[in-house]
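Chemist: What follows is the residue order along each chain.
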Amino acid sequence: MPNQSGNAYGLTVLSPLKEIDGSGQAVIPKLRNLIQSFNELDTTPMAKVPNTYLSRLWILEDVFFENYPHELEHLKSKYLVFTSNFHGELDTYLEGMFNAIPTEVQSIWQDCYGFDDKALSPEGFKSYIKKCQVETTFYFNGSTDDSLQDQLKSLYIKQEFSRFVFDNAHKSSEELLTAFKAFIAETQPTADFPRWKPGESDLSDIIDRGNNDHLSTN
Amino acid sequence: MDNVIDYYDVQGNIMINYAEFGYIKSRYVFIKITIGEDGRKFIKEIAPLITSSALMQNGTISLPEVTTNVSFTYNGLKILGVPILSLHAFPDEYVMGIRNRTSILGDNSASGPEHWDDVYRDDIHMFMSMDAKDDESLVKRYESIASIVDQIDGVELIQGCNNGRKELDKFQEASVLYDENGFPTAKEHFGYTDGISNPFFKGMTPEMGEVIGGGKKLNYNNPMVEENWGPIETGEFILGYRDEANEYPAAPIPKLLSKNGSFMVFNKFHENVGKFNEYLDTASEKYNIDKEELAAKFVGRWRNGAPMTTFPTQKAADEIADERQKAIFALNTAKTPEELAKAHEKFKEVNRHFIGFDFFDDIPGSRCPVGSHIRRANPRGALEFNSKDAFSTPAALDNRRRMIRRGLPYGIATMESNEGEHGTIIMTIVANIKRQFEFVVQQWLNYGNDFKLANDKDPITGNQDEDGGRLIIEGDEKQLPKYLAGIPRFIETRGGVYLFIPSLTAIKYISEGIVDPT
Chain W
2 MPNQSGNAYG
12 LTVLSPLKEI
22 DGSGQAVIPK
32 LRNLIQSFNE
42 LDTTPMAKVP
52 NTYLSRLWIL
62 EDVFFENYPH
72 ELEHLKSKYL
82 VFTSNFHGEL
92 DTYLEGMFNA
102 IPTEVQSIWQ
112 DCYGFDDKAL
122 SPEGFKSYIK
132 KCQVETTFYF
142 NGSTDDSLQD
152 QLKSLYIKQE
162 FSRFVFDNAH
172 KSSEELLTAF
182 KAFIAETQPT
192 ADFPRWKPGE
202 SDLSDIIDRG
212 NNDHLSTN
Chain A
83 MDNVIDYYDV
93 QGNIMINYAE
103 FGYIKSRYVF
113 IKITIGEDGR
123 KFIKEIAPLI
133 TSSALMQNGT
143 ISLPEVTTNV
153 SFTYNGLKIL
163 GVPILSLHAF
173 PDEYVMGIRN
183 RTSILGDNSA
193 SGPEHWDDVY
203 RDDIHMFMSM
213 DAKDDESLVK
223 RYESIASIVD
233 QIDGVELIQG
243 CNNGRKELDK
253 FQEASVLYDE
263 NGFPTAKEHF
273 GYTDGISNPF
283 FKGMTPEMGE
293 VIGGGKKLNY
303 NNPMVEENWG
313 PIETGEFILG
323 YRDEANEYPA
333 APIPKLLSKN
343 GSFMVFNKFH
353 ENVGKFNEYL
363 DTASEKYNID
373 KEELAAKFVG
383 RWRNGAPMTT
393 FPTQKAADEI
403 ADERQKAIFA
413 LNTAKTPEEL
423 AKAHEKFKEV
433 NRHFIGFDFF
443 DDIPGSRCPV
453 GSHIRRANPR
463 GALEFNSKDA
473 FSTPAALDNR
483 RRMIRRGLPY
493 GIATMESNEG
503 EHGTIIMTIV
513 ANIKRQFEFV
523 VQQWLNYGND
533 FKLANDKDPI
543 TGNQDEDGGR
553 LIIEGDEKQL
563 PKYLAGIPRF
573 IETRGGVYLF
583 IPSLTAIKYI
593 SEGIVDPT
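Top line first, the protein sequences correspond to chains W and A.
Using the working numbering, the first residue of the first sequence is number 2, and each one after it goes up by one.
Using the working numbering, the first residue of the second sequence is number 83, and each one after it goes up by one.
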């Protein structure tokens, strides 16, 4: 199935947009403002959706006019495009998405044709998205198909290990061993935490110590 | 006959490395034009002083006692009355000027424009450089230009240059540094021999440069052999000629305004000599590495200039550097044109060891670190990382990023100097400021992705943040790698300007007010 590569799933969804909403407001500028406003939050709502590697929301108004051969083409409608690369199965992912951010889901899709009250449940959302799904082979680069938790842990270990090397590589074997033990104790390579937080872009606050927060207590 | 260049039309600073011909003293002036007509009058008066690239007269090298070259900012051309249609054809980065490009160049915190000398924060319209063999002829030329300025109302020399005196000057001075015996050297303040490598392009004569090391590498064979290098296309450096993409570089219209011209970035770079020496001392001890070797690993050349990749031991480096020093001495003390020509020939022979190299035997960097300054500034085809034949020539990834480098040190520093006025004036001449200068500074010097070095920066020029920079000194079967951290920002920008260097024809047209883009 072209949407899947190993455990990674490339979802592409085109939802046709209404011209105006129930109150007579133009939909596209309103939706564009909403999508833009996610950038101003500390983390995007999609960071709360389990196992999201990378996702994008954008508005497709029409296709570009290609000069030659000059056949003028237009889309039937204007679309909200949602793409997401994630770990696992589509059903589980969409259920997880609706459960994690139901309010955002409603505000994003409420002005799309076919998105009605029935879509406001995990089952309904799943069936709506599947209706709008386009089969593609679109994948973003830069992630393996491991679970998001594993990837966040691996990236954390990689960065911390690089820091460890620069801080300690010049030391004597004895000091190096002590430092390495401390590194293992702090980074807990086999445990879930600490790891990077999903959706974080500020490096100063990127480490999620989870429930394993023994370090801050001593 | 695309590559036949009219040397009499191209300004001398583009094709001639004055320093190689004994011009070891410089003054730079920055001019403001308040009345366009007066500006044009001024240019007409100084036009006969402008030095061209015509180096040879009747078969011998013949250059004046003092050279003079001019260039203009966008605002300068505007006030001089260059038509709007021509102005609109200039590239965006030149129109914006360097102060609006600081985020690309990494000129932040200590390198930010708020720390620049007054003159570089002023509205500069025109730039003049004077290079001479001695102070006397230099000062004489400066004074004659200053007196022309005095006689014209709408033209002034901006009094905003910091030479470390009580008051700001109307000129920035620069000079070679002298050794303990009073002989001129090619060193900058960190102790490195500087300005060794420059590009060689089609249309250059053998006196102007060397295709070995200066051209582009055509294959993976011996870099000391001429056939393995080819001249770079003229259009990478001079407007109006084809470039490496087989296109004419973007240039203002009409062609008469741009042909034989080029763009230049003037930079004043302060050097934190004290921090540099302190880091060498502490790091050589901490990482257990010889201090001189550590200094060499930073740059990829020993401080005497010999490249680490071909001279991995200091002894071999010292021997070849001694020979080069003798050749430079002969060059600087030549009395007759015949002596000069002979000395220049000898210098070129020795200098080949300093420029005729690449990194194909040292791709992993165990001799010359992948992150060192010279591999970043001019990778010499090494970006293919052993994936041979991925491109038509090994230099495909860097032959559009080459830059002509001019300039001299300024000020005097002690081993401890951080504050004060000392550093290097660097003038970078390119056909495209964005593709060549800005790309190299942003992607290669202040970032490491192309070298598979994450976000490590150039250890010498990098705009390191407060935590300091990192450098991996790669090891080999005998030596473990070393991981240097906490490298401070050694170089801080103290000023800069983006300039257009017109041909002598274009200067005439600008001064007459007859540039016609229609």
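Bear in mind the hints are in silico, worked out from the structure with no lab data behind them.
Every residue gets a Cβ at the ideal spot worked out from N, C-alpha and C, and that includes glycine.
Mixed in with the good hints there might be a few duds.
Which chain W residues face chain A? A few, computed with CB under 7 Å, are given here [what the hints assert, rightly or not]:
1) Val166
2) Phe167
3) Ala170
4) Ser173
Chemist: Interface hint check: Val166(W), Cβ to nearest Cβ on chain A, cutoff 7 Å. Holds or violated?
Modeler: holds, 5 Å
Chemist: Does Ser173(W) meet its interface restraint, that is, does its C-beta lie within less than 7 Å of any C-beta in chain A?
Modeler: Given a least distance of 10 Å, the restraint on Ser173(W) is violated.
Chemist: Closer than 7 Å between Cβ atoms is the bar; does Phe167(W) clear it against chain A? Give me holds or violated.
Modeler: The hint holds - Phe167(W) has a Cβ within 7 Å of chain A, the shortest such distance being about 4 Å.
Chemist: Can Ala170(W) be said to touch chain A, with a Cβ gap under 7 Å?
Modeler: holds, 4 Å
Taken one by one, the earlier hints fail for this structure only at number 4.
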